[in-house]
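Protein chains: 4
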Amino acid sequence: MDYEKIFKHIYEELEKIENKGQVADYIPELSMVDPNSFGVQLTTVEGEKYAFGDSNIRFSIQSIAKVFSYVLAYSLVKSDLWDRVGVEPSGTAFNSLVQLENDRGVPRNPFINAGAIVICDILVSELQSPKEEVLSFIHELSGVNSINFNHTIAKSERANGFINFALVNFMKSFGNIHNDIDDVMDLYFNICSIEMSCEELSNSFLFLANNGVVPYSGAKILSSSRTKRANALMQTCGFYDEAGQFTFKVGLPGKSGIGGGIVAVHPMKYCITVWSPPLNSKGNSYKGMLFLEEFTTQTELSIF
Amino acid sequence: MDYEKIFKHIYEELEKIENKGQVADYIPELSMVDPNSFGVQLTTVEGEKYAFGDSNIRFSIQSIAKVFSYVLAYSLVKSDLWDRVGVEPSGTAFNSLVQLENDRGVPRNPFINAGAIVICDILVSELQSPKEEVLSFIHELSGVNSINFNHTIAKSERANGFINFALVNFMKSFGNIHNDIDDVMDLYFNICSIEMSCEELSNSFLFLANNGVVPYSGAKILSSSRTKRANALMQTCGFYDEAGQFTFKVGLPGKSGIGGGIVAVHPMKYCITVWSPPLNSKGNSYKGMLFLEEFTTQTELSIF
Amino acid sequence: MDYEKIFKHIYEELEKIENKGQVADYIPELSMVDPNSFGVQLTTVEGEKYAFGDSNIRFSIQSIAKVFSYVLAYSLVKSDLWDRVGVEPSGTAFNSLVQLENDRGVPRNPFINAGAIVICDILVSELQSPKEEVLSFIHELSGVNSINFNHTIAKSERANGFINFALVNFMKSFGNIHNDIDDVMDLYFNICSIEMSCEELSNSFLFLANNGVVPYSGAKILSSSRTKRANALMQTCGFYDEAGQFTFKVGLPGKSGIGGGIVAVHPMKYCITVWSPPLNSKGNSYKGMLFLEEFTTQTELSIF
Amino acid sequence: MDYEKIFKHIYEELEKIENKGQVADYIPELSMVDPNSFGVQLTTVEGEKYAFGDSNIRFSIQSIAKVFSYVLAYSLVKSDLWDRVGVEPSGTAFNSLVQLENDRGVPRNPFINAGAIVICDILVSELQSPKEEVLSFIHELSGVNSINFNHTIAKSERANGFINFALVNFMKSFGNIHNDIDDVMDLYFNICSIEMSCEELSNSFLFLANNGVVPYSGAKILSSSRTKRANALMQTCGFYDEAGQFTFKVGLPGKSGIGGGIVAVHPMKYCITVWSPPLNSKGNSYKGMLFLEEFTTQTELSIF
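Protein chains in written order, with this note's numbering: chain A, 17 to 320; chain B, 17 to 320; chain C, 17 to 320; chain D, 17 to 320.
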């Protein structure tokens, strides 16, 4: 299929509608991003690549990184992961404390903030140098060693991260955080600060479309069964309280970030990444959501 | 693939583990079902059929019928459906009133009780003889005209349906029920009382695996896009607060009922129905869930 | 003290401020009340009476009647009352279902709707002719036999009482309603429809300021200890989620109704009733609250 | 009245019943208290004193200190206090985050943990040396300059105070904490660590029974109106989600602490303090509650 032509066509259609989204502005670094940035990258498991717009510009991947930390933790631990974090959609906003109170400190899934913090706690327990090893893992997935944390963003996130500190303290009161809070949150805020391009993200997520194997290196990251489950988790939990909408309209497992990026995976076929900074009221890229809806509708390439 | 051999193998494996489930007993009719009943039916879009055990015995399909009423309503109305019911997983039990209070009377999705009641209200508005037309619709999908309501069960459900009456009254207080409560609930309780076999269910759901077309009759029930969306909705909302678990472990869109039945759809491939009456703590068939998990693991036939 | 002069003075002060309240309009009968109606009646345990304005005009006492039904039930039953309804302030709106779900069908207190419905269920169990006996009880307290239900209002309440029907069905699902729902709700809606004047209300509540004894008849309604407890309950639970405000600003136990009436009791001293139909956002009389705040501030006659 | 005889009598009655309470054990310092400690002190506004048991032994007053910090803040600020903390009973446990989420970071009242933390934030804003000035204030109220913080307890509280850190971070995310979190929590944990005896507590609270004036020094702490309101607030909010029970059974405004102390005020008459370390399931002194219920029942000295 001529994907680049389709990208261009959908992009032009979206240009005609008003962008009702707002760029995230809770930290200065995110608010300064050009709201008109727009990039797309599709990479197939056979190695074909289709790009559009700002597909090579790095942006703050934010919560998309929660997939990396989750997969890494999932590959390290055996038994106790699901005692400490669930696999159910939350039905509430990404930072809700209500549910955590009802569920006695066990987050609903690894992709809401509380769950991603528990994953960081597991990584702090399991790894010698958690930050370095997370970065190495992403280098391995992407094949690009220059991918790095943005320390300015990590610092800003920490200075404004009161809700996240509320979450981690609350979970620690239930015994669901085993390490020192500062160590866990240092890892958490750094992971959120990673910067990658659409192309790098599509390449890095490709193992999830390929039975757990990185196509270009042959490295086995997860078993087939666990790969299937990681995709299933993105399907039900990847978009906070808009997971149902995304599944309904786009029909692919995926994960969004507050930097305006969305990665979606079509198992056995391809990985696609869109980047458009203005966010809808649920914190997901306004045009990114519309773009992917149009894309799977026009290509009829959803999993359903 | 020799599906019947796989069915037998998994069945024998499950025989070795203790069945921790409990047959539903809130109404006498359900409590009298033989807990050892066990049936499976897989039907492919090409028309192949694979059966095991009690695949031809009819049972109370209960909430599985919510897919029929939803699809019928979805095919009748144009614009206002999604103002009145959402497409997000609920994150709470099937009969929760809490969420309905927060969401001002708009149920999270059409597969929790509140949402299915709104769908019945829409059908009462749209149809001349709602009960008869729902039945005709199921006859069309299944090709079996003897499928019917069980009036004894409908009556028992009504006599014990205090939570459902709480839900409908509460939604009416928000203006989200347009018709007389008794008319809406009469349809609701009757739909829940329908009895079908595994074979009839698999045949009836096959259009969802076939782009919206009933394979043996050629009847177009839904557009491709709406079919995709119906499957997506089953994926995120088909199993109450166990939707994430089912997606995670089984990896197919599906719908369960408190009578112990589960239907799952593999788009473009097949439809599979399992029936085993004892339920787990979430109200889904205990062995049915395990069976489908084993089935998609052994065949590697999930959508993810 | 020259109470009537104080009444006049406060009334004139309140005339100068804008009345931001709104007359209840969910049923036509209440919406037709003259919003400028204003009455006050103070009756002391020694039998002195002080009146102002429309103190002799009857109005719909609505939830104020919940004190009568509660006291009657409290005087009839021995042990099981507090298993079925609590004595804690609700912290939420008068008709919340959320709390009822958390508390497994046991209402927080007898003065929120759910609690008053449980009280009606107890009266239906305990009394031969519940409606007649409740009316007789009020005749005994007030000494006025013409006090009656307003059947038009009771009928309107029933026709619009979807939330109350949600509450009663929900409680019945938890086993906390023992009688037929229609019987219970018929009593409930009739009790809410009772019409009395400020003078009649002050006289009827006077036993609560007098150790449980009706001053003019000598009839012992409640023991001293139970009288104290009834007053305590009005203090913490008499004004829905404004109970704290009323206690804080007025400092007397009391009960409000959506018809714009408020009764307050100063133990061992007096009973005072105010009536002004426009309601604040919490459903309590806008000017009635301000009047009583000024009254206890100027006379320094609060219990604290 | 021969109060000491009454104290002895009630004490002996309570000896006969099993103490179902548990001494607080979340920090080692509290868990080491002798569970059989039992002290009572009643002080009248005329200066009479009645003591029983361990009335002169100091214990950790914990949340009772929230009345001191609240009164001090209330005497310092004019207008903005009630924008930042409410006067309504919470209806939930003392450390709930749920309500705080619903109410956008504004605690229900100054006596739940979140509210007391906001009060500390106000004191940090208003005072040069908050800790010293709070201590001076208590010295002024009690007339005893040796009353002090217990730094070991304050340190233990901080080391285990994850829920409190969750609360303060959560409120800061809503903008309802103006100062540095560490400064606010240092004051909070120190205030909770203050140690006083029953006698010292009764003397210190006596101004609340005396129109805001310290009887023995003549110092005016609060106006009559504000004193009345402080008492009203203790009535509705002094015992977490057992405030209704305490009002219902004891009928006096009061405040409890997790160290097993309870102070109650009878306006214009007296102040009474009881100390018995084992706590009921709501975190209030098991025997202290029963003692005060018996006391006001036998003396008929409640405010209702």
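Please keep in mind that the hints were generated in silico from the structure rather than gathered at the bench.
For clarity, every value in this text was computed on a predicted model and none was experimentally measured.
Treat the hints loosely; a few may be bogus.
Unchecked claim - One-sided and incomplete, this derived list gives chain B residues near chain A with beta-carbon spacing under 10 angstroms:
id: 1; residue: G69
id: 2; residue: N72
id: 3; residue: R74
id: 4; residue: E258
id: 5; residue: K265
id: 6; residue: S318
As the list claims (entries may be wrong) - A few chain A positions that, by computed beta-carbon distances, are all more than 10 angstroms from chain D:
id: 7; residue: Q38
id: 8; residue: V39
id: 9; residue: G69
id: 10; residue: K171
id: 11; residue: S172
id: 12; residue: F181
id: 13; residue: K188
id: 14; residue: S189
id: 15; residue: V230
id: 16; residue: A235
id: 17; residue: K236
id: 18; residue: M284
id: 19; residue: T315
id: 20; residue: L317
Idealized CB from N, CA, C, for every residue including glycine.
Evaluation of the provided hints:
no., hint, in the structure
1, G69, "violated, 26 angstroms"
2, N72, "violated, 29 angstroms"
3, R74, "violated, 29 angstroms"
4, E258, "holds, 7 angstroms"
5, K265, "holds, 7 angstroms"
6, S318, "holds, 5 angstroms"
7, Q38, "holds, 19 angstroms"
8, V39, "holds, 20 angstroms"
9, G69, "holds, 35 angstroms"
10, K171, "holds, 17 angstroms"
11, S172, "holds, 15 angstroms"
12, F181, "violated, 4 angstroms"
13, K188, "violated, 4 angstroms"
14, S189, "violated, 4 angstroms"
15, V230, "holds, 39 angstroms"
16, A235, "holds, 39 angstroms"
17, K236, "holds, 39 angstroms"
18, M284, "holds, 41 angstroms"
19, T315, "holds, 41 angstroms"
20, L317, "holds, 39 angstroms"
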